[in-house]
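Based on these hints, arrange chain Y on the given structure of chain X.
First to last, the sequence lines map onto chains X and Y.
According to this note's numbering, the first sequence is numbered sequentially starting from 1.
According to this note's numbering, the second sequence is numbered sequentially starting from 1001.
Bear in mind the hints are in silico, worked out from the structure with no lab data behind them.
Errors might be hidden in some of the hints.
[To be verified] Far from chain Y by the CB rule (all over 12 Å, computed), these chain X residues:
#	residue
1	E73
2	G117
3	E119
4	K161
5	D166
6	P168
[Stated by the list, open to error] Straight-line C-alpha distance at most 20 Å; calculated PhoX-like pairs for lysine-lysine:
#	chain 1	residue 1	chain 2	residue 2
7	Y	K1031	X	K3
8	Y	K1123	X	K171
9	Y	K1171	X	K123
10	Y	K1183	X	K3
11	X	K197	Y	K1183
[Said to hold, decoys possible] To give an idea of the interface, some chain Y residues facing chain X are shown, with a C-beta separation under 8 Å as derived from the structure:
#	residue
12	K1003
13	L1010
14	G1012
15	T1024
16	T1063
17	Q1067
18	G1145
19	T1185
20	I1186
Remember, predicted model here, so these are calculated numbers, not experimental data.
Every residue, glycine too, gets a C-beta built ideally from N, C-alpha and C.
Residue-level listing of the chains:
2 protein chains.
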Amino acid sequence: MTKQYHDNVLPGEALDQIFRDARTYNGWLDKPVSQDQIEAIYDLMKMAPTSANMQPGRFVWVTSHEQKDRLAELASDGNKDKVRAAPVTVIIGYDIDFHEELPWLFPHTDAKSWFEGDEEGRKEGAFRNSALQGAYLILAARSIGLDCGPMSGVDLDGVTKEFFADQPRVKADWICSIGYGDKTTIFDRSPRPDFAKFNTVV
Amino acid sequence: MTKQYHDNVLPGEALDQIFRDARTYNGWLDKPVSQDQIEAIYDLMKMAPTSANMQPGRFVWVTSHEQKDRLAELASDGNKDKVRAAPVTVIIGYDIDFHEELPWLFPHTDAKSWFEGDEEGRKEGAFRNSALQGAYLILAARSIGLDCGPMSGVDLDGVTKEFFADQPRVKADWICSIGYGDKTTIFDRSPRPDFAKFNTVV
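Bound conformation, chain X alone (with noise of 0.2 Å):
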């Protein structure tokens, strides 16, 4: 039976943790995020929607010191220490032949079809996806008690090839830090936009 949540607004303390009051942070606590930690955000955040449950985002969650200091060579200068610090950065690539997964994924009809012969469409379908899960994954991980700390300033070329080498259609997109943010490490909240900047009802 579909559950339903019709006019039920959150409770006001719930919407500050996961948007209001949760910042992205630049420095972490000395305090490791657990495998539980990980599977429960991956379990959260794959229910929410893709575009013909096409999935297409695939994670690489870097925990270890080794493989932090061989994702934080390819990071830019300003991102190395914070990779490097983190309990874990998470890698969010997207798989450009996700169409071969739909007919599991998506057993109502043959979605595969739509996608077969048309690379630059699924390219397309993949990065906005996948961008999606992305979104997904940072609230998940605020929803149970952790920060996140979203970043672009990658090699991402270099990250494809070394953290991806066993899946050749997969692309790395961008990265991800989890953990314990350190309240010492961010900077003022950016300024916001009022409704009507950016927005227009018709």
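Showing chain Y alone in chain X's frame:
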């Protein structure tokens, strides 16, 4: 003072509402969405992170019968009736010249200069980060007790031309209906992958 929520896992019912029980709807109850609700969604989603706070998303909220018809004409056959029936359908677009706004959106440093002369990089950043914003939009709408129906089956060039005519550097990217979902219009839940399928921990 920055408030933190370390190890505070949101109540199961909140996680159900935004991730686990929420569904993508194909039809809508005859119940309006107010301007206050639209603004409440934006006021939450705008707090979530984008790269250098670029906030490249530009949003047109289609609420009037006349404009719904105009948008429905540009939707794929399977989506026309959904757009006509939904209380609101928001067009998610992105501004390729978002960097012009960075002096006030990211006042910590001269981020505008990072993007000048690099239209390809701006397009990629705008595409990725407006997708993140669209994902925040979906979870924000759910968090105030509304349902979503995201769709990419739409003539994007047509929507760009018709709905962003006054913003020549903005491109439409996808659309998302918002309202009170009609339970009778959903498919069976599509399968979700186990952690091991698309994740690696290193």
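To see whether the hints hold, each was checked on the structure:
Every CB of chain Y is more than 12 Å from the CB of E73 of chain X (nearest about 14 Å), matching its label as outside the interface. A cut-off of 12 Å between C-beta atoms confirms that G117 of chain X is not in contact with chain Y; the least separation is 18 Å. Interface exclusion of E119 of chain X from chain Y stands, the closest Cβ pair being 17 Å apart, more than 12 Å. Chain Y leaves K161 of chain X outside its interface by the beta-carbon criterion, the shortest separation being 15 Å against a cut-off of 12 Å.
Residue placement check: D166 of chain X does not keep its beta carbon more than 12 Å from all beta carbons of chain Y (closest about 9 Å). The non-interface label for P168 of chain X is consistent with chain Y: the shortest C-beta to C-beta separation is roughly 15 Å, beyond 12 Å. Between K1031 of chain Y and K3 of chain X the CA atoms are separated by roughly 18 Å; this keeps the pair inside 20 Å, and the hint holds. Distance restraint check for K1123 of chain Y and K171 of chain X: the Cα-Cα separation of roughly 18 Å lies within the 20 Å cut-off, and the hinted pair is therefore satisfied.
Taken as a hint, the K1171 of chain Y and K123 of chain X pair is honoured in the structure, with Cα atoms around 18 Å apart against an allowance of 20 Å. Annotation: proposed proximity of K1183 of chain Y to K3 of chain X holds, straight-line Cα distance about 9 Å (limit 20 Å). For the hint linking K197 of chain X to K1183 of chain Y, the alpha-carbon distance of about 35 Å lies beyond 20 Å, and the restraint is violated. A least Cβ separation of about 4 Å between K1003 of chain Y and chain X falls short of the 8 Å threshold, and the interface hint therefore holds.
Interface restraint check: L1010 of chain Y against chain X, minimum CB-CB distance 5 Å, threshold 8 Å, status holds. Hint status for G1012 of chain Y: violated, given a least beta-carbon distance of 11 Å to chain X, over 8 Å. Given the 8 Å rule on beta carbons, the hint for T1024 of chain Y holds: about 5 Å separates it from the nearest Cβ of chain X. Residue-level restraint check for T1063 of chain Y holds (minimum Cβ-Cβ distance to chain X is 6 Å; threshold 8 Å).
At about 5 Å, the closest approach between the beta carbon of Q1067 of chain Y and any beta carbon in chain X falls short of 8 Å, and the interface hint on this residue holds. Interface hint status for G1145 of chain Y: upheld, as the beta-carbon distance to the closest one in chain X is roughly 4 Å, under 8 Å. The beta carbon of T1185 of chain Y is not positioned within 8 Å of any beta carbon in chain X (closest approach about 10 Å), and the interface hint is therefore violated. Of the supplied interface hints, the one on I1186 of chain Y holds, with its beta-carbon coming within about 6 Å of a beta-carbon of chain X, less than 8 Å.
Hint check: violations occur at hints 5, 11, 14 and 19; the rest are consistent with the structure.
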